[in-house]
Each structure stands twice: as structure tokens, then as C-alpha cells.
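Asker: Sequences are here, hints too, so could you generate the full structure?
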Amino acid sequence: MSILIPIFSVVKKEWRIMLRYPSWFISFIIWPIIFPFGYIFTAKALSGMESSSLAQFQSIAGTTDYVTYMLIGTTIWMWNNTMLWSFGSSLRMEQMRGTLESNWLCPIPKISILFGYSVSQLLMSLIYISLSVLEFMIFYDFKFVGSPLLALLILLVSVPSVYGLGFIFASLVLWVKEANSMVFLVRGIISIFCGISYPLAVLPSWMKPISKFIPMTHSVNALRAVISTGATMDDISGEMLFLIISGIILMLLGLLAFFYTQRKAKTLGSLGHY
Amino acid sequence: MELRNYLIAIKAIIKKDAKIFFRYPANAVFRIVEPILWITPVYFLSKAFQINGENIGFSQYSGTTDYMAFLVIGSIVSSFVSAVMWGMGFSLKNEMDVGVIESNWLTPIPLWVQLIGRSIFSLIMTTVNALTVAFLVWLMFGFNIAGGILMAIVTLLPMLIALYGLGFGIASLVLITNNANNIIDITNFCLSMMSGESFPITVLPRVLIPISLALPITYGYDAIRGILLNTKTLLPIPVEQGILVLFMIIGIFVGYRILKWVEKYCRTKGNIAFH
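These protein sequences, in sequence, are chains A and B. According to this note's numbering, the first sequence holds residues 1 to 274 in order. According to this note's numbering, the second sequence holds residues 1 to 275 in order.
These aren't lab readings, by the way, just hints derived from the structure by calculation. A virtual CB, placed ideally from N, CA and C, is assigned to each residue, including glycine. Hints are not guaranteed to be accurate.
[To be verified] Here's a subset of chain B near chain A, in silico, CB distances under 8 Å, partners left out:
(1) N5
(2) V42
(3) F44
(4) Y67
(5) M193
(6) P200
(7) V203
(8) F253
[Stated by the list, open to error] If you only want the chain B side, here are some residues facing chain A, beta carbon under 10 Å, derived:
(9) N181
(10) E197
(11) S198
(12) W261
Answerer: Encoded structure:
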């Protein structure tokens, strides 16, 4: 019970700040439309006026529908991107504003602060993804071939991996005291290794094993299989199993990283430094 | 005399920006790493469409099979667009947040001179950065340029000066709304996309092509690619260069007038320190 009250307080505080600056909602409406735009029209230009280049893409990706292909990839990327900015900047902002130390002095489990940010971020992501799907249907003629519920299940199973990575990331930012560069690096790795806009078959052989170890690759693959080709639970069981196991591992690593950083920061007294 | 004072102020602002920039070396490194992180996925995307190592489909729209050269030129021009927009708009927001904007406005240096000063360091770093990134991308992925670099620079210059007008407009918007990130990010992204940073605008839906053609930056991308890569251009290159010169004159005049108006509005309202 003692952990739930601070989590709720952090969520309440975060939502109050967000509602006080409602311009974020405008970017929530605009980004799902404009972010895949570049990839989609680049793919259109690359496919040419005749079908030979598109046939080449189909032979590797298994589909000629590059629009749905990009939309799924970019949505997962965007989810991770907002999570990284949120986790990276939340504690860092408190550090810069000078409120992190006073928050740390509260007689609550410190992890509840991070859980509070997670719940708040998860709610925001749910709104973002729902809005994205709606806009994709209107502007990009997006359709579910498979089950939307199974797609939702894939997203839910991906949550521990995404937020486990977020916990590690938040701890790292407290260490290096620099959020921007870290976000650029991690989201760059995701966009290169997870096949956000292209089939992984085009990667050089040394890059392929790395991409298979990143959970987002499996989220994107499973979502593409379900949404574009109507794959069932049996078809994506391998991906789901990987997401569950990697979720447990990343969550544990995230908690360990946070507890370690917390102890180190207390010993060094570096919480307020920037 | 006045000009000399302005130059001294610009020099002081450049010195201050350089000091802050080199104080955070991780940022300096990431300014080179980040464009490569953006270019790499598009490189792999182009590979997925290649037939025998060439982007045949792409050449049907653009006149070249060398998509990487097309993309790198687009990225370089975009980095200059971003430098002006972020250098002007975001620096104002930064000063608002840090609480020094009011004291800066109390100095006898006009706001437009302060804004130019802030964007110059950003432009210098962008030039160094763009050349480094182009070299690294050439090493990593390879691309060919036909020649005409001097002519490409001559084409880029009026566009850059014109962008200052746009920068004044963005700075005005930031002053009125007290919101920088979203405005700059979305405007910058839309401008780059609609003017053909990474694809020829002829692939856009018909309804969007008039918007794209109405953006003078489109002709900047197109003319520079035409000169360096011999791509198919929308209009003859001298006509596109003429449009850019016209854009430069109108852009600077309109941007300056808007900024003066907003500056007066903010001074009357007294809202520059609000956030």
C-alpha cells in the first residue's frame, strides 16, 4: 500500500503539468501523420514507376504494402522514443530544477517515483498509439488483416521490455548527467537494428545477431505478422516467448541499475550535481 | 560606428556560444553521430529496393541511381535549415528558461543582431559538421558527386540568407507562444519533408505538390542536386536560382518586419520572461 500512494501522487503531478501545458496534444496529433511520411514517400520513390524495384522489396520483406510496413515500425519507434525522452528527462529535469534531492528525502520507496513516471508515460503512450491507429486509418488507409486484440496483446507483452530499458536509461542519465545525447544514441540503435523501416535481411551478417537480441525487433516482427498477414498466436509464439523472457530480464536489470545508482548517489552525494 | 558595435556584440555572442558548446563535449560528438544514425536506416531501406546494387526504380523519378548521394545532399541542406531555425528560435527559449532574456533585451543591441549572432556559431558548426558527416558517409556507404561544388555553394548562399527571414519568423512565434520545442521541431520536419529532403517531390500526392512547389527551399534542394548530380530538375537551374534570390529579398524583409512587430508587442506586454 505504501508504494501505491507515491506512485499515484507522481502520476497526478505529471498529469497536472501536462494539462497545464496542453500544446503536447498538438504534437500527439501531428507526429503520427508526419513521422512515417518521409519513410513512406522515400519507399515510393525507391520503388519507381515500374514494378521491378517493388518486386525486389517484396522478395525480401514478403509484402508490397510498404505503407503498413513503415507505419508499424515507426509507431514502435515513436513509443520507445517518447519513453526514452520521458525517462531521460524526468529525473534529469528534477535534478536541474533542484527538486530531486528533496524528493529523495521523502520517506517513500524511491523506486515508486520511477514507477509513477512509468504509469504516467504508459497512459500517454496508450493515448498516442490509439490516436495513431485512428489517424493511420484516415490518412494512410491502414487496415487490420489480423486480430487487433492480438496486436494489443503484443504491445502489452512488450511493456516490461520497454520500461525495463527505460529504468536502465533513467539510471544512466543520472550517472552521465546528459539526457539528449543518450536519447539520440539509444533511439538511433533501435532505428538501425530493429528493422523499423526495412527488412532485417538487408543488414550485413555481423549486424543480424545483434538485432535478434533487441526485444523491439520481435515486437515489430510480431505486429507486422499479425496486422499485415493475419498471423495467429501460434505463428508468433516464438516472438512472444522472447518478449516475455527479455521483459523479465530487462525489468530486473532496470531495478538493479536503479537501486545501484540510488546507493551510489547517496554515498557520493552527487544527486544534485549537474 | 553602429555597425562596429553590432560586430562587437556578434563576436561576444559567438564566443559565449562556443564556450557553452565545448563545455559539453558529448554534444559535440553526437552532432556528428546523430546524422549518421538518421542516414543509416534510409541507406538500408534503399538497399531493400536495389536491383544488382542499383536503385533503378529511383532513377525513374530522379534521373540518378545514386540514392545515397541524393540523400546526403538533402541531409546537408537540411542541416543548414535546422541550424538557422534551432539557432534562432530555441536559443530564445533557452534564455527565457535560464532567466537572462530580459537582461539581454536591456542591452542597446537590437534583437535581430542578437539573433544573427546566435545563429552564426550554429552555422559554423553546421558547416564543419556537414563536411565531416559527408566524409564519414562516403567512407561507410560510398557516393559520387559529378562536380560543380562552387556553383552549388553559390546557390546555397541566397537560400541561407533567406532562411534568416524564416528564422526571424520562428523566433517571433516562440516569443508569442513561449513554446519552442514543438514549434521548431514540427516546422523543421515538415519543411524538410515537403521540400524533398530525402525524395523527389514528384512522388508526393497531387494535393501536396502545390504546397511543396510554393516552398522556395524546394528549389534550393532541387537546384543543388541538379548541379552536383545532374538529376532531373523541376525548372531550369538558372530559374530556380532566380527564385532563391527573390526568396532571399522577400524573406529577409518580411521576417524582419514581423520580428520588429513582435518585439514591440512583447515590450508593451512585458511577457518575455513568462514561461
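Asker: Now tell me, hint by hint, if it's right for this structure.
Answerer: So, going through the hints one by one against the coordinates:
| no. | hint | verdict |
| --- | --- | --- |
| 1 | N5 | 35 Å, violated |
| 2 | V42 | 6 Å, holds |
| 3 | F44 | 5 Å, holds |
| 4 | Y67 | 7 Å, holds |
| 5 | M193 | 5 Å, holds |
| 6 | P200 | 6 Å, holds |
| 7 | V203 | 5 Å, holds |
| 8 | F253 | 29 Å, violated |
| 9 | N181 | 9 Å, holds |
| 10 | E197 | 7 Å, holds |
| 11 | S198 | 5 Å, holds |
| 12 | W261 | 23 Å, violated |
The earlier numbered hints that this structure contradicts are 1, 8 and 12.
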